[in-house]
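Undergrad: The lines below spell out each chain.
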Amino acid sequence: MMRKIISGNEAVALGVKLARVGVTGIYPITPQTTIIEKLAEMKAKGEIDTEIVRVESEHSAMAATFGAALAGVRAFTATASQGLLYMHEMIWWVAGSRVPVVMVVGTRAVGAPWNIWNEHTDFTSERDSGWIMAFASNPQEALDLTIQAFRISEDERVFLPMMIGMDGFILSHTKTNVLIPDQDQIDGFLPPRRQPYVIDPEDPLGMGNVFPPEGYMRLRESIDSSLRNSEDVIREIGREYSKKINPLGDYSTLNVSYKLDDADYAVVAMGAWAGDAMEAIDVLREKGIRIGLLRIRYLRPWSEKEIREALKDKKGVLVLDRSTSFGRYGGPLYVEIKSTVSDIIPSIKGVVSGLGGVTVTKNDLVYLFNKFVEGMREDVIWYYPKEVGKVELRTPRDIE
Amino acid sequence: MSLGLRGILNKHNAILSGTSACPGCPENMAMRMLGMGLGKDVVLVVVAGCSSIIQGNAPYNAYNFPTVNVAFAAGPATASGLARAYKQRGKNVTVVVWAGDGGTADIGFASLSGAAERNENILYLCVDNEAYMNSGGQRSGSTPFGAITSTTPEGKKENKKNLPFLMIAHNVPYVATASVGYPHDYIEKLKRAKQIDGFKYLHVLTPDPYGWLFDPSKTVEVAKLAVQTCYWPLFEYINGKLEISSESLHCLDKRTRRPIRDFLSIQGRFKKLSEEQIKVLEQYVDSMWEKLKSML
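Protein chains in written order, with this note's numbering: chain P, 1 to 400; chain E, 1001 to 1296.
Hints are computed from structural coordinates only; laboratory data are not their basis.
Fair warning: this is a prediction, and the values are worked out from it, not measured in the lab.
Watch out, some of these pointers could steer you wrong.
What the hints assert, rightly or not - Computed cross-link-like contacts, EDC-like style, restricted to lysine to aspartate or glutamate with a CA-CA straight-line distance of at most 20 Å: (1) 1091/E with 49/P; (2) 1271/E with 1158/E; (3) 1241/E with 1188/E; (4) 1194/E with 202/P; (5) 1011/E with 286/P; (6) 1087/E with 286/P; (7) 371/P with 231/P; (8) 1194/E with 200/P; (9) 1194/E with 1041/E.
Stated by the list, open to error - Footprint (simulated), chain P over chain E, 3 or more residues, beta carbon under 8 Å: (10) 1104 to 1113; (11) 1236 to 1244.
Said to hold, decoys possible - Just a few of them, taken from the derived set where beta-carbon distance is under 8 Å, the chain P residues facing chain E: (12) 37; (13) 40; (14) 56; (15) 64; (16) 71; (17) 72; (18) 73; (19) 90; (20) 189; (21) 191; (22) 196; (23) 199; (24) 207; (25) 212; (26) 213; (27) 342.
Built from N, CA and C at the ideal position, the CB exists for glycine as well.
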């Protein structure tokens, strides 16, 4: 175990190295690029024994990773934004094939128009694909979750792919202190790869050919039940990780709370700005306002049990969304929280902010939390930290 | 089999009984010969198309190889991942991508070109029936000029995209063409490809009775006519050297070519062709052979 100042992307690359990944399909896209550059660099220096497939698109990156995983080796890839959308077809194909694969998403806005900065919409828009979806809130967690992901994905009660979100630039490019486990520790934690289907000439097996309707639907149900069952697996593996590898990180639960037990009000958030939210909560606490935070670490599986337990008895819940669900009142997290606790919480409000890299500071969150505690009139607001001009469409014209 | 193939063929049965193929299906034939040429230790990657259907419904599978079905554009990349993983595991496996002309010329071309440029150790096999036959016979980039398809009811306005030439331009170790009308030639080429390290491309003409509008008993005849009339050249390109296969040698001299009308008239899809349009097809054949001769 050693301590080093590294970026989130470097932390992920080191996680991939420690997990002894056999094949990585790589294609660059900001802000994920330095993950794959680091892997290529480690390969060139002979520090890792990974086959690197330098593909021509993200669609192929996921396809190559899929092929390698089917042939029985640990496989990894990373992407972001447009790249994730371009992969979308193969993301479903991998989940439907029930093959363990791990991917990291450096989250970023989706065009048009072009915007390279952080938000979570690319990530949240994959939530129905059948992948386990975790979200890191600092580079340490990005590393820890990457290693745990292989173990979770390859657990026989799960056998589903797993993606880990990480705020683009905010985590991917910011260097902080990270505890890096030794190879021996990880070798003791991560057993050799296991998977239900291996494509091997010794055992002719057909994958993915036409399924009749009832069989197809049953397979869908098996994905759903495995994903829900993975809750216990995640806790079990998380506890072991905290015990054996990183005693400073608590992975015994899917989601993480801060000053929530005695709180009257709760804030729900996912990702890096949970850190700012904790600081803002401290400010309000000093003024005697009892408020706490529930940080969503797993978007899928969605732990209804944990979330209801954490939020029960609260007078109100404020949900921060760094993503959108157009045409729906509130962002994806708001909708999820509302469907989970609306019967036990009198007031659930939502804030959509931070889209396309809009900076939301601790002071902005203090302002928002105050506004919420004092009684927000609207159920959901779009919050801009600064005055911004309206973006308006031009007057329509008739075209022949 | 009465074609004198017993001596050269591998015993591996690539295709089992009970496929969902149409009568007279050329892809069924091409698959059977694949087993004769490559034998065992083969993994198939099948992209969307007739071949996704011919194998039948799960849990049954008529292909006697481990088979991975993937989305249309994903074949070459999936095969790249498989081949790299076998390399990691120290296993000697021939990874074959089995794709139609739509998957090859159109939607999957970027992925094909990428795998070729990386010189991945895979064999890419295009079974070309010159349209999207599995979805009802719509035009593809590989449909020839003048052919009637369900999206070109007036006849296609553009020439066929010449994929073997495009693959030669990728400087890969092996590019070859074949026709299901000539099994010896096809099987020999499969055997040769198997011995070569790196990216191999084999393009097989598979005339489709239902899309080309001929009687299902005539698949082999049409496949032979395509070669005899020089519409479909048979050649091999090995490490930068082009060689015309013996079945196509007569095409080098325009005077010894069988008239293209013999190939056109046996099918319904060319029935509306005018004299001028037949000339366009003749010019296409001429220019293709000029190009091939210039590479000799």
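Undergrad: Give a verdict on every hint.
TA: Each hint, compared with the structure:
no.	hint	verdict
1	1091/E with 49/P	holds, 16 Å
2	1271/E with 1158/E	holds, 17 Å
3	1241/E with 1188/E	holds, 17 Å
4	1194/E with 202/P	holds, 18 Å
5	1011/E with 286/P	violated, 82 Å
6	1087/E with 286/P	violated, 61 Å
7	371/P with 231/P	violated, 35 Å
8	1194/E with 200/P	holds, 18 Å
9	1194/E with 1041/E	holds, 11 Å
10	1104 to 1113	holds (count 3)
11	1236 to 1244	violated (count 0)
12	37	violated, 18 Å
13	40	violated, 14 Å
14	56	holds, 3 Å
15	64	holds, 4 Å
16	71	holds, 3 Å
17	72	holds, 6 Å
18	73	holds, 4 Å
19	90	holds, 6 Å
20	189	violated, 21 Å
21	191	violated, 17 Å
22	196	violated, 14 Å
23	199	holds, 5 Å
24	207	holds, 5 Å
25	212	holds, 6 Å
26	213	violated, 10 Å
27	342	violated, 38 Å
Hints 5, 6, 7, 11, 12, 13, 20, 21, 22, 26, 27, counting from the list given before, are not met by this structure.
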